[in-house]
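Chemist: Fit chain X to the known structure of chain E by using the hints.
The chain contents come next:
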Amino acid sequence: MARKILFEHIDKPGIRGLEGYRAHGGYRSVEKALRTMAPEAVVEEVKKSGLRGRGGAGFPTGMKWSFLAKPEGVPRYLVVNADESEPGTFKDRYLMERIPHLLIEGMVTSSFALGANTAFIYIRGEYFHVARILEQAIGEARAAGWLGRNILGSGFDLDIHVQVGAGAYICGEETALLESLEGKRGNPRLKPPFPAVKGLYQCPTVVNNVETIAAVVPIVNDGGEEYAKVGVGRSTGTKLISAGGNIKRPGVYEIELGLPCDEFINSDEYCGGVDGRAFKAVVPGGSSVPIVPYELFLRTAKGEPRLMSYESLSDGGFVSGTMLGSGGFYAYNDAQCIVRSTWNHARFYHHESCGQCSPCREGTGWLDKVLERLELGEGRAEDIDLLWDIQRKIEGNTICPLGDAAAWPVASAIRHFRDEFEYHVTHREKVKDPRHFAREPFRRTARPQTV
Amino acid sequence: MPKVTIDGITIEVPEGTTILQAARMIGERNKADRYVVPPAMCYYSKLETSGGYCRTCLVKVPKGSDKDPRPMPKPVPSCRTTVMDGMEVANTTDPTLIDARNGVVEMLLINHPLDCPICDQAGECHLQDLSYENGTAASRYEFERRTFEPIDIGDTIKLHMTRCILCYRCVKVAEQITDGRVHGVINRGDAAEISTYIEQAIDNDFSGNMIDVCPVGALTDRTFRFASRVWFTKPMDAHRDCETPGCDGKVVLWLKGDEVLRVTGRKDQWGEVESFICNTCRYDRKDLAAWTVEGPRNVDRHSVISQGHYHLKRTQPLLTAPAPNVPELAKRKDLKDR
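In order, the protein sequences belong to chains E and X. Just so we're aligned: the first sequence equals residues 1 to 451 in my numbering. Just so we're aligned: the second sequence equals residues 452 to 789 in my numbering.
Treat the hints as calculated values from the structure; they're not laboratory data. It should be emphasised that the depicted structure is a prediction, and the values quoted were computed from it without experimental measurement. Misleading hints may appear alongside valid ones.
Okay, the calculated bits of chain X under chain E, using three or more residues with CB under 8 Å as the criterion [said to hold, decoys possible]:
1) 503-513
2) 526-532
3) 546-555
4) 640-647
5) 662-668
Virtual Cβ for every residue (Gly too), placed ideally from N, Cα, C.
Here chain E stands alone, though its shape is the one from the complex (with noise of 0.2 Å):
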């Protein structure tokens, strides 16, 4: 059994109450921090640990922290980013409905390291049921004196506020999050400068994911060093990773950062394999990552075994790597057609671009409609170097990085699976049945393409 950091004690009953969260260890946190330690030891234990933003980007969490702006008068906030609207993560979710506590306490720990006295969860709409629980937590963090006016006594206040977003995928983004949680549109803003000067009310503001915010728990109890000991490299701790899919066993999985992909995606403990059929590809991280074939998810264009690590998944760049993103794990099995599963996300980023910046809310628009065409059977030999060009021009040029991830699946896709969407073109016919690649699988012509 691998070792479990976050999960240690989610299965065991009444860890949702802060009873039975403080009877096993809940809290410790809170008191060794206030009581024995400076708000700068906390970021050097944070500094030290090398956790790293586990939103996605995978920013080194002490080094935002520490950029974090400190003009006398002026108050600084923490956000907590539980927008978790990445499609094919679930993660974040989880944890908050079995132990919220572990939340609420990492939130305190945090905020005394940076020295914010009011601290924000920002939720989206969908987990409505998700937000009664953390404010459930919170009426009990507070009534038993681990939230309000000078905790411990330590002379250290601290209010949590829940605000429920409306859906909208954007109002992840971290400016876009602020926009929306001081009541206006959320739009991205344009950086810099950064949350980390100027943030919420134009005051410096730290945002992380719930996962990051969660690991601040074990990393101030045990020490920085003794988590960095968990993972691979600069690849520190552990993930929670949401595996979905055509695997056996879907599911929210806290894994050690370093594990061999084909351990995670073939093992019982994991994934448990494919369901049925052979696997055909992976998206590892989330919707917005590069998709790679199977072969390439298990090891990388060198021919070494591939690990769930931050570098080792990125290991080849776009050409042959993709990311660890989010932790949204989902794998194809052979009866899935990558084009249609490229049109459903550029469906999504279309709906879901803020219409901010030119490119991504033409170009997010142009894909969807060219992918439909080309999945429908109504498509051309040049849709697909169209399509490419069209990501090419969304990418990297717009406000935030939507874009982005738009961009990368449908030129991830057409990178490696290009023989299937020329199928698309030459076997119209045949595609305009949705379960095309059910009912005959395709056989793959020739070895994946590079561009």
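Modeler: Positioned in the frame of chain E, the structure of chain X alone reads:
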């Protein structure tokens, strides 16, 4: 003072200047260097927080500064990026950037109706200029374009949402120049639209400036609609003593004969108004007698508006005028520049 080099031309600029402003300074210093100025569809120097949306002013930064000479990984919006000492910028010299800009222009045009022949903005439209410089002759977009019904927002402004490129300039005008914003962007993605939510709601002393800042024909003057093509009118600088606080009464009258067809703010060489004017000047003084006329407006010779040669003094009506004396004309200074 930081020094910045744009396409090989170096200029020293005050601290906090953006790349676009620095490029404009180069263009103002020497007219021949104006090619280094990136096009700007949404940025407006007189409006705070404008810019960054349209992505046409993207530039490459191969060298960040003397202190940190690393190149910037992605193209940056020049209108919102401040220069650093020793920064090097590529605007027209980087083929990948030109390609990216062409891509942006293509995106701007895929849902644009291209109805220039019936659009009042034709002739003074930034999107026309931009697509002439960075666009292609034919579109690769074959799907149905996004369309909206034209609506009246307020009694003097017509909104053609189909033509809008969502530059947010009119939103910023309403926020910063008028005393209350009642319109904005609703919906998202390619369904986003400028709207008052309730039609006919805009009623404000300075609302007419929304028309002036609109880079395309999305917001047009209802009192000028279909009255004339702009290149058949004669722009004249004029002023009056305006009582409205915040308005200096300096305008351009667009004349046909002695008839004032339209009144607008004075636009400079970058297409931005010099000062914002009030609605009284714009709509209620369409009478030549109400104005002190200063003389013909100097419009860039590349503009179709100047093709009317309105600034040449004519003593005789065109039809009976003798054939022009070419050697004599060649001596004239105002023609030499042409």
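Chemist: Could you run down the list of hints and mark each one as holding or not?
Modeler: Verification of the hints:
| no. | hint | verdict |
| --- | --- | --- |
| 1 | 503-513 | holds (count 6) |
| 2 | 526-532 | holds (count 3) |
| 3 | 546-555 | holds (count 4) |
| 4 | 640-647 | holds (count 4) |
| 5 | 662-668 | violated (count 0) |
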